[in-house]
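**Q** Now for the letters of each chain:
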Amino acid sequence: MPDDNRQPNEPMDRLLRRWGADEAARRETAAAPPVPATRRAPRRRALAPWLAAAAGFLFFAAGAALFTATWLDAPLHQAEAPPVPLGPSAPGPDLRAELDGALDDLADARAALEKAGTDLADRERRLAAFRQLHEDLQARYRSLQESDKAAKAEAADLRKERDDLLADRPKTEEQLKALQAQRSALVRLWREASRPADVSLEAGVEALRKIARDGGLLRRGAALRDRIRDATLRQIFDTQEVLLTQLDLLNVDDPAEVQAFARRVRAFEEDLGPLDRLGTAETDPAVRAWLLETRLLLGEVKHEG
Amino acid sequence: MDAGDTAWIARAARGDAAAFQRLYAEHIGRVRAYLRRCGFPAADVDDLAQDAFLRVFRSLATYDPSRGPLRPWLATVVRNVARKHWARRAEPVPFDPELAEAMLEAPDNPGPSAEEREQFAALADCVDALPADLARIVRLRYVDGLTTRAVAEAVRMAEATVRLRLGEAHDLLERCLKSKGAWP
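These protein sequences, in sequence, are chains A and B.
So that you can map any letter, position 227 of the first sequence is 227 in the working numbering, and since no number is skipped, the others follow by simple counting.
Count along the second sequence starting at 1, add 305, and that's the number in the working numbering.
Treat the hints as calculated values from the structure; they're not laboratory data.
The structure displayed is predicted, hence computed values, not measured ones.
One or more of the hints may lead you astray.
[To be verified] Derived lysine to aspartate or glutamate pairs resembling EDC-like cross-links, with alpha carbons at most 20 Å apart:
#1 B:K389 with A:E10
#2 B:K485 with B:E423
#3 A:K115 with B:E423
#4 B:K389 with A:D122
#5 B:K483 with B:E406
#6 A:K210 with A:D253
#7 B:K483 with A:D253
#8 B:K485 with A:D13
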């Protein structure tokens, strides 16, 4: 039993391939037809006048035969009866040339057909590309339409929001006024609760100093100083702290000193203006509370004065 | 390709019929063999070869000998013709592309050397001396360029058997060539 896995004889395989190619080429060369007609244009041009003359002669001969047949009153088919032996009388080379010319024409027609096919394919490709472009543009147009709709909807929403805000503005202002009134009422209540009633200036100032000491205002103020970033607020803070320190050190038994302190407090009040200046929403809440508490307390010194 | 070939090609490009004849005779065998090895029916090979040579002759003026031998240029034309008519082949066509391309890959006009010619002649004798069935297998494979599968179909054998028979033929041919002093 032969070995199915044995290695092929490569040198022999290569030799057989070269030999086979040579054999095939020789065999096909022998089987090949004669050289094909290629560029027969000059011969075709030389043939053309001959063909024209022959056609003219044949036309003339046919006319003459028809005339003779009619003149002799003989049936036309009798004049045509003897077939013209075209084969034997036609010259071989001319027929070959004619055949070559026909093959040339066929080759030209084939080439023209191939070119037309190529052109058609090219136009079809361009048409497909144009269709694709058209579809892309349509899609882009639809996208832009969608974007336009979305933008219009957003603008409508913004308009409605603005109208709502404008409609709510009076209400907001009323709420603000109510809050301001509420704060004023609270300040009045605190003042009434903390001010000693029907006492002398000295006694009133001493009572206020006790409130300041009990509330630890100086101690709390020292801890809050570093939290103040705004320069104007720091200036107010420093001034209030100075007045608070003076209050703490004040000799309340000396009416002249108490009166002088009360005047400084009033001057301070006029310089600083209303309570609204004691910081904004961004101010630290503990700082704002200290400023407000100190201010109200000093304000009582002014009232006492 | 020497200066003489270049001159022939130039004459052919100018419309010299004798030069055409020489180019045609020189290359038609390999062109036809390539087409046959590609699996085109015998009835189509004449048409396709003629089509290829018409294209060659029409565009011969565009061939520039300084850019390389004629055979690769010719091979490109023939391959294009074959590709355009690929659908005319019988389906399925089990052909060996390597053996088909071998017909177009040979350089221009070297022909086998005298020594190789002698070896080819000895080999042809040895093939003829093989048992008939082996000789047929060898010719189908190496001359007709069929795949082993196509050979197997042609001789109604299993493909593995065809491979074994080819190996057997290789050994017999080597012994034969050695006996003739034609094997290195």
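**Q** All the hints need checking, so say for each whether the structure fits it.
**A** So, going through the hints one by one against the coordinates:
About 35 Å separates the Cα atoms of K389 (chain B) and E10 (chain A), which puts this hinted pair outside 20 Å; it is violated. With a C-alpha separation of about 11 Å, the suggested pairing of K485 (chain B) with E423 (chain B) holds against the 20 Å cut-off. Proposed proximity of K115 (chain A) and E423 (chain B) is contradicted: the alpha carbons are some 48 Å apart, above 20 Å. At roughly 17 Å between alpha-carbon atoms, K389 (chain B) and D122 (chain A) fall within 20 Å of each other, so this suggested pair holds.
At roughly 30 Å between alpha-carbon atoms, K483 (chain B) and E406 (chain B) are farther apart than 20 Å, so this suggested pair is violated. Between K210 (chain A) and D253 (chain A), the direct Cα distance comes to roughly 15 Å. Compliance with the 20 Å bound is thereby established for this hinted pair. In summary, the hint linking K483 (chain B) to D253 (chain A) is not supported, as the alpha carbons are separated by about 148 Å, beyond the 20 Å threshold. This hinted pair checks out: K485 (chain B) and D13 (chain A) have alpha carbons roughly 18 Å apart, not beyond 20 Å.
Taken one by one, the earlier hints fail for this structure at numbers 1, 3, 5, 7, listed in ascending order.
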